[in-house]
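This is what each chain is made of:
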Amino acid sequence: MSVSIILEHLLMVVAAVFCSILVGLPLGIASYFFTRVRRIILFVADVLQTVPSLALLGIIMIFVGAGKTTVIIGITLYSLLPIVRNTYLGLSEVDPGVKEAARGMGMSRFYRLMHVELPLAFPIIFTGIRIATVNAIGTVVFAASVGGGGLGAIIYKGIRVMNMKWIAFGTLSLMAMAIVFDIAMGGIETRLNRKFSGPSN
Amino acid sequence: MIQFEHVVKKYGDATVLDDISFTIEPGQFAVLIGPSGCGKTTTLKTINRLIEPDDGTVRIDGDDISEVNRVQLRRRIGYVIQQIGLFPNMTVAQNITVVPKLLKYSKEDCDKIVHDMLEMVDMPYDQYAHKYPSEMSGGQQQRIGVLRALAASPPIVLMDEPFGALDPMTRSALQDEILHLQKKLKKTIVFVTHDMEEALNLADVIIFMENGKITQMAPPEEMLKNPANESVKNFLGKHIAVDDPSTLTAADFLRTNVVTVDSKKSLRTCTAQMMRSNVDSLIVTDENDKYIGTVSVEDIKSVSGDDLRVADVLKNDRETFRVDDDAKRCFDKLLSTKDNYVIVLKHDDTVAGIITKTSIAKALAERLWG
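Going down the list, the protein sequences come from chains A and B.
Start counting the first sequence at 2; every next residue gets the next number (my numbering).
Start counting the second sequence at -11; every next residue gets the next number (my numbering).
Treat the hints as calculated values from the structure; they're not laboratory data.
Where is the CB? At the ideal position from N, CA and C, for every residue including glycine.
The reader is advised that the hints may include incorrect statements.
Listed next, the in silico DSS-like pairs over lysine-lysine satisfying Cα-Cα at most 30 Å (straight line) [said to hold, decoys possible]:
id, chain 1, residue 1, chain 2, residue 2
1, A, 100, B, -2
2, B, 33, A, 100
3, B, 289, B, 252
4, B, 289, B, 278
5, B, 334, A, 100
Anything over 10 Å on all C-beta distances counts as not near chain B; from chain A, calculated [unchecked claim]:
id, residue
6, 20
7, 162
8, 178
In isolation and in its complexed conformation, chain B is listed as follows:
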């Protein structure tokens, strides 16, 4: 358990940590997030005393860490950093056993640790143990960085933007691995990032910081549902409550500027209307604007006679939807027929609009990217 009690850190006039208090439970995956300069890295580094607070107390399992020898303290806390920081003069095996050696583990124990650790991330011992860091890719190096932090089985592991410098593919692979390791080893992990997606993926609890203060500390779901203020909301950005797709209705995808024609109009007027609007079918309504059917160019072509009205050729074989119908049903219909639109009606049977493939795409894009 890690406890911060009224921790304050100042650099000159600037207050980096402004009376911070929180508790991280054992086995929790806590992610510190916030804009640059919010104090998240400072908070992390006070835990292994790379930074000493000016005021307040940090406790690990109840013990005030300022009373523990800092070198001894750090050997019991794993540490992974963005720059990876593997020792280039040491092999993978030597890098992994840095802390076990500091703790005076026997040579056999060290060897066993290297084997176990490499096996855990599926890196064959024979292939990797004796490589130098410069012979490996960034992703492999950071895997070793993580193993090095875990080698002496510390109960707490600190990670300072560990995957920030990796490409997106490698990053998500390592995120999965770290989640897997965490489940298996039950470490308390404190993880700094500025990437909300990463935080949402990994965290049991997210600690959002701003100007040296904690704005919100909550599990990811809770934070998504009730962001504490505007800046949390901005940070959550596109991740914030996109409507549950099952609640989307036809009304969300409507194209409303549709061309209708009165059933009493002559076919001549109707064709003129089609040409003006550049469409090959029209929605037909009665005198009260209620929907009664559709008329297409083919229907008109198939009849002859000057005095025919729209009512004489209209068809009423299309399935219609109501505005509050499930959007998915409209989509399925649209995709399964050769019609290029479906008609949506209001409850009083007047036309609300139509749904086309283009209107779906537009509405979806708007939801995704605003």
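Pulled out of the complex, with its shape left as it was, chain A reads as follows:
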């Protein structure tokens, strides 16, 4: 039972971050391409992050109903900011010399994005994904209040019946999960950064 709860929690995190990448990456690219929409996109992502996560889930529940879908939608919205912002940042920070060379060589706009800009921006984009993931692990705890289950449910239950074991199990699993993800993804990040940087940048 306990393992399945951890997996349930993890599933919601992964699904939400995945959706967030799916939505956030194009939004980040759009912000990089179009100066006009950039302000709007970054502003909306900013505002979403300021809404208390519990309230955000509650609002979505009213429209979608209780359950995991609500949680996934909520956490997706909540994770957008780091992914959109880092995508935009990563793309704009690609060495201007490299961008000019790509243009001067005769790469089309799309080819440049796929073969030069995105690969070079990837380490920074990945940092955004790591931040989003670690945040989501904590935020998914609120899933319990909208009927999503997960480790949050065990902690709530433990609080209600004053069972120290349940509270401790939920909390420690959450902490362990966050730490493992942070360290693992941090490791990948350093390797990505090392690959592209050297005497030249």
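Place chain B on chain A using the hints.
Chain B alone, transformed into the frame defined by chain A:
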């Protein structure tokens, strides 16, 4: 052939290119030079349409390039920039074959290109092909930058201050290499620089720009001989017509404040004169100031007698030169004897001055650095 016909480019109120017209012949090495903001880089970038002119036409081999798809156009024109701009996520081999791949060359052709290209600059394939740019020095990176521009054999190569960020040694090595490549491959090269030495080294024709206009377009020799105006002259600076050394004469190296003594003076006066001027020999002249010989401390010491005159001890064994004698002969004489000066006479045999090692050094320094 690249033709500019009345090309105009404006940014707001500022006119960057002001009605520019010129032609670069096929196979020519053209260097655009001028002060910052003169429009040289803008001119270069209109050729591959990184910048679109507001007015006028740019033609390549007669075709108006504004009617050519710009992405296609750029694939047929090599491009090298100062920031080098190698793709850090690609190996040397991948960087070199960027354009061939865009042009859909086969994998075998691409491999062959990498081999040929690296061989051309003496960078062994096994050692370099699979390196990432960050593992190489700036000079090696820019070599790859040049190879990348040449890979798909474009007839035209544009270079925007390609060696500007390199140290002087590497820069001159790469200049030699690019000249060599140009001779071998017969490309039309348009090269932007602000370094006149580089321009003089490389160019078949130099295009000097100022305030968005062409001040002068001429081969290096012609520009050195007849700079069009003051600012071209300033840019040429130290490179401008230093006199041909074979025309230099003794007069160019003279030290004129020399101490002479009349041959009728007594030896006592003569010694006093030497002490006053702090020298150990004097040039002796007759009453008409004509040169007749020299007198040294040793000569005076070797004789005795109170009433002796300078005329009694003077020596006339020194070779003298005329003011219009070849300077090199004076130098050779000065260096081959133990005398520390040679005497130079005017045509009426009066003393013009002497040449010492110090006076040579001073005069040369003045010629070199003004």
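Check whether the Cα positions of residue 33(B) and residue 100(A) lie no farther apart than 30 Å. Holds - the C-alpha atoms of residue 100(A) and residue 33(B) are around 15 Å apart, at most 30 Å.
Do the alpha carbons of residue 334(B) and residue 100(A) lie within 30 Å of each other, as the hint requires? 69 Å, violated
Residue 20(A) and chain B, when compared Cβ to Cβ, separated by more than 10 Å: Answer for residue 20(A): holds, closest chain B Cβ roughly 27 Å.
Tell me if the straight-line CA distance from residue 289(B) to residue 278(B) falls inside 30 Å. Cα-Cα ~25 Å, so holds.
Has the given pair, residue 100(A) with residue -2(B), been kept, meaning a C-alpha gap of at most 30 Å? Between residue 100(A) and residue -2(B) the Cα gap is close to 24 Å, so the pair holds against 30 Å.
Claimed clearance of chain B by residue 162(A), with the beta carbon kept past 10 Å: 55 Å, holds
Holds or violated: residue 289(B) to residue 252(B), with C-alpha atoms at most 30 Å apart: 18 Å, holds
Closest CB-CB distance from residue 178(A) to chain B, is it above 10 Å? 32 Å, holds
Hint compliance for this structure: hint 5 is the single one not met.
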